[in-house]
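Peer 1: Read off the chains here:
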Amino acid sequence: MSHFSMIEARPLPGKKNRSISWRSREGRSVIYQIVAILSALALVALLVRNTLINMRLRGIQSGYDFLLQPFGFDISETMIEYASNSTYLMAFFIGMLNTLKVAVIGIVLATLLGVLVGVGRFSTNFLVRKVCYAYVEFFRNVPVYLQLLIWYLVFTEALPDFDKAWQLGHFYLSKNGVSFPWPVWQLGQTLALCGLVLGCVFTVIYRRQAKAHFDQTGQTRPVWGVSTGVTVALMLLGWLAGGAPAEWNLPKIGDFQIEDGGVFSPEFMALLCGLVFYTASFIAEVVRSGIASVSLGQHEAAASLGLNKGQSMRLVVLPQALRVIIPPLTSQYLNLTKNSSLAVAIGYPELVSIANTTLNQTGRAIEALSIVMLVYLTLSLITSALMNWFNASAAIQER
Amino acid sequence: MNTVFKSIDARPMPGRSSGPLAWLRANLFSTIGNSLLSVFLLALVVWAFVASMDWALLNAVFNANLQACNDVRGAGACWGVISEKGRLIVMGRYPETEHWRPVIATALMLGVVVLSCMPRFWNKALPAIWIVMLAIYFVLMKGGFFGLTAVDTDQWGGFPLTVMLTVISMTLAFPLAIFVALGRRSNMPAIRTLCTLYVELIRGVPLITVLFMASFMLPLFMPEGVKIDVLLRVVVGITLFSAAYMAEVVRGGLQALPKGQTEAAATLGLSYWQVQRMIVLPQALATVVPSIMNTFIGLFKDTSLVTIVSLYELTGALGLALNSDADWRPFKIEAYLFITFIYFAFCFAMSRYSLWIEDRTAVSKVR
Numbered sequence: 001m002s003h004f005s006m007i008e009a010r011p012l013p014g015k016k017n018r019s020i021s022w023r024s025r026e027g028r029s030v031i032y033q034i035v036a037i038l039s040a041l042a043l044v045a046l047l048v049r050n051t052l053i054n055m056r057l058r059g060i061q062s063g064y065d066f067l068l069q070p071f072g073f074d075i076s077e078t079m080i081e082y083a084s085n086s087t088y089l090m091a092f093f094i095g096m097l098n099t100l101k102v103a104v105i106g107i108v109l110a111t112l113l114g115v116l117v118g119v120g121r122f123s124t125n126f127l128v129r130k131v132c133y134a135y136v137e138f139f140r141n142v143p144v145y146l147q148l149l150i151w152y153l154v155f156t157e158a159l160p161d162f163d164k165a166w167q168l169g170h171f172y173l174s175k176n177g178v179s180f181p182w183p184v185w186q187l188g189q190t191l192a193l194c195g196l197v198l199g200c201v202f203t204v205i206y207r208r209q210a211k212a213h214f215d216q217t218g219q220t221r222p223v224w225g226v227s228t229g230v231t232v233a234l235m236l237l238g239w240l241a242g243g244a245p246a247e248w249n250l251p252k253i254g255d256f257q258i259e260d261g262g263v264f265s266p267e268f269m270a271l272l273c274g275l276v277f278y279t280a281s282f283i284a285e286v287v288r289s290g291i292a293s294v295s296l297g298q299h300e301a302a303a304s305l306g307l308n309k310g311q312s313m314r315l316v317v318l319p320q321a322l323r324v325i326i327p328p329l330t331s332q333y334l335n336l337t338k339n340s341s342l343a344v345a346i347g348y349p350e351l352v353s354i355a356n357t358t359l360n361q362t363g364r365a366i367e368a369l370s371i372v373m374l375v376y377l378t379l380s381l382i383t384s385a386l387m388n389w390f391n392a393s394a395a396i397q398e399r
Numbered sequence: 400m401n402t403v404f405k406s407i408d409a410r411p412m413p414g415r416s417s418g419p420l421a422w423l424r425a426n427l428f429s430t431i432g433n434s435l436l437s438v439f440l441l442a443l444v445v446w447a448f449v450a451s452m453d454w455a456l457l458n459a460v461f462n463a464n465l466q467a468c469n470d471v472r473g474a475g476a477c478w479g480v481i482s483e484k485g486r487l488i489v490m491g492r493y494p495e496t497e498h499w500r501p502v503i504a505t506a507l508m509l510g511v512v513v514l515s516c517m518p519r520f521w522n523k524a525l526p527a528i529w530i531v532m533l534a535i536y537f538v539l540m541k542g543g544f545f546g547l548t549a550v551d552t553d554q555w556g557g558f559p560l561t562v563m564l565t566v567i568s569m570t571l572a573f574p575l576a577i578f579v580a581l582g583r584r585s586n587m588p589a590i591r592t593l594c595t596l597y598v599e600l601i602r603g604v605p606l607i608t609v610l611f612m613a614s615f616m617l618p619l620f621m622p623e624g625v626k627i628d629v630l631l632r633v634v635v636g637i638t639l640f641s642a643a644y645m646a647e648v649v650r651g652g653l654q655a656l657p658k659g660q661t662e663a664a665a666t667l668g669l670s671y672w673q674v675q676r677m678i679v680l681p682q683a684l685a686t687v688v689p690s691i692m693n694t695f696i697g698l699f700k701d702t703s704l705v706t707i708v709s710l711y712e713l714t715g716a717l718g719l720a721l722n723s724d725a726d727w728r729p730f731k732i733e734a735y736l737f738i739t740f741i742y743f744a745f746c747f748a749m750s751r752y753s754l755w756i757e758d759r760t761a762v763s764k765v766r
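Going down the list, the protein sequences come from chains A and B.
Here the first sequence is numbered in our numbering, starting from 1 and rising by one per residue.
Here the second sequence is numbered in our numbering, starting from 400 and rising by one per residue.
Take the hints with a grain of salt, since some may be wrong.
To be verified - Subject to a maximum C-alpha distance of 27 Å in a straight line, what follows is the list of computed DSS-like cross-link-like pairs (lysine-lysine):
1) A:K175 - B:K731
2) A:K130 - A:K309
3) B:K731 - A:K164
4) B:K626 - B:K541
5) A:K175 - A:K252
6) A:K101 - A:K175
Calculated from the structure, these hints are not laboratory results.
Okay, chain A solo, but in the shape it has when bound (with noise of 0.2 Å):
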């Protein structure tokens, strides 16, 4: 037989050593951090010294005063009053408005056309479910910089001269580009934007009071219905106050060129058609792959409800399928924009193209580059921060 006997208590800890050693965890720690930083500094300020160094050698001038001098180059394409004499801070700024207009038309049209595909995946008609599945697998798989070239080519090459355009109403499509009709802008029609941007507040302030009224009683309101008219109402009467313009500026087949109305040059085109053709395969796929997320049972359970296929789709399903979407949609929006400084190959003025030619001029990559990186990052940043939020009302509701 055993004698039981208790092992002593073990004895009291002593004082935690505070001070900074490597036989503690903490303390390491802190050694750790310390010589990541001194060794990401060591080797920033050796970069430094060795471009300075380079510089003086090689006689580069460096600083950002060469933004307030001439441009001196025409540039193609500008949203904005521009002259060649214009400064080169003027010319980036044109730089960046040309890649927002792409980006902005890029993600809608992709977006658009991204859900198309994607939902027509799980269409009940075979041959549009195939057809959806070629498209995103050949786009998929092919570069965007070699799509790109090929839509360049086809847009310069393949279409028809100007004056034997491919016409459909007012619309035309030509070497020259796409020309369309243009309302000539007057009075009424910023009055009309006036009562959009109205009818988008309106819209706000009464979806959250209808859905508050929805809170309380259950009862719904015809939200869309409402909003949509109201809205339309609204344009309607800037239009009418402001003399209700109805003038167009039509394009025409001019002697050397299809003259007048709004135009979106070859480059603008084949930078579109292929940012949107390429993307639109990526967001076909995020769109298949959140809708295959929501569980066969969510639907069977809205059909149970009595919700009809409609309905069950806009409240059931594509609330949750968006949680998943959403993430993915935002970094593909992301990779649009960047994609768009591939235009530098095809010669659409976009911000890289800019800072390509700025580099060739003065010299000065360093600053050209690290304008080009700060507007990337600082719409990078914007557009992160604009669909996490949108996320954050589409997240799951916790207590």
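Let chain A serve as the given structure and place chain B on it in line with the hints.
Peer 2: Okay, now just chain B, sitting in the frame of chain A:
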């Protein structure tokens, strides 16, 4: 009151639910709208097929006969441009008498990559195989040893360069990505901040700006008198770029791993690096193989951008072959379709592999 029981009529026999007719009805003609859509799409597909067959096969010229090509222009394809220029497009500026070298070297490299894709070969011998392969690859490509004439890196081009840029950048980016991913999940704030900063900075800007930086700014960063080769600069740029993306992929894998794994390993007395090496990374990396594959596909496509900083990989070599030749330049579209096919074949194969490995890991998770 008496009610007379009367049975309701039997329901009609259900229609056939199998067989070709039933399939057609369910999949193509379920409603009037669907039927119209089917007919319209079918007409479109048939028309596109007939038109492309006419252009690409029936009216096409297959030999490098410029006269014949010019005669069918607009009505038929001129595949002669590929027999004439194909070699230049695929091989770039590499000296023509030495073409056997990139062919063998690239075949070897692709062979080892394919080998590494098979889970059967995921063992300790693999790194050794890679080192041997890379040594042979560079000796073959660069020359200067064993009686091979030296070929400068600025002469490398075409498809071998595409493969090389992808594989080398990926190989270099992979370890870097693992360290950055671990750093982003470290509990040391300074290291976490540095890694986050790197990843977000790189992911926020387009690859082109990184390439521009590599080609214009990297020479300025070097100590006085040190010149680095343009190919090396681009490899550094692409590596830094793809490492940031891959770090996020790896981080996803790390996050998916339950905390219990790390805790259990720590309880066994393993050190931080032992835990990562033996417990965390093997599981985390296995789950993200499909995503790594997607990054690889993306990188393969993105190498086409190095043309912009004048390295002539597949897309650039095409421009090199055709832009200066007024005779053949009109048939650029055929050449574009040719390299489109090459890119598509490789990317499609890789995405199929990615799906396969995804299914495989899904199966291994089922108990």
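Peer 1: Find the hints from earlier in the document that the structure breaks and name them by number, from lowest to highest.
Peer 2: Of the numbered hints, all hold.
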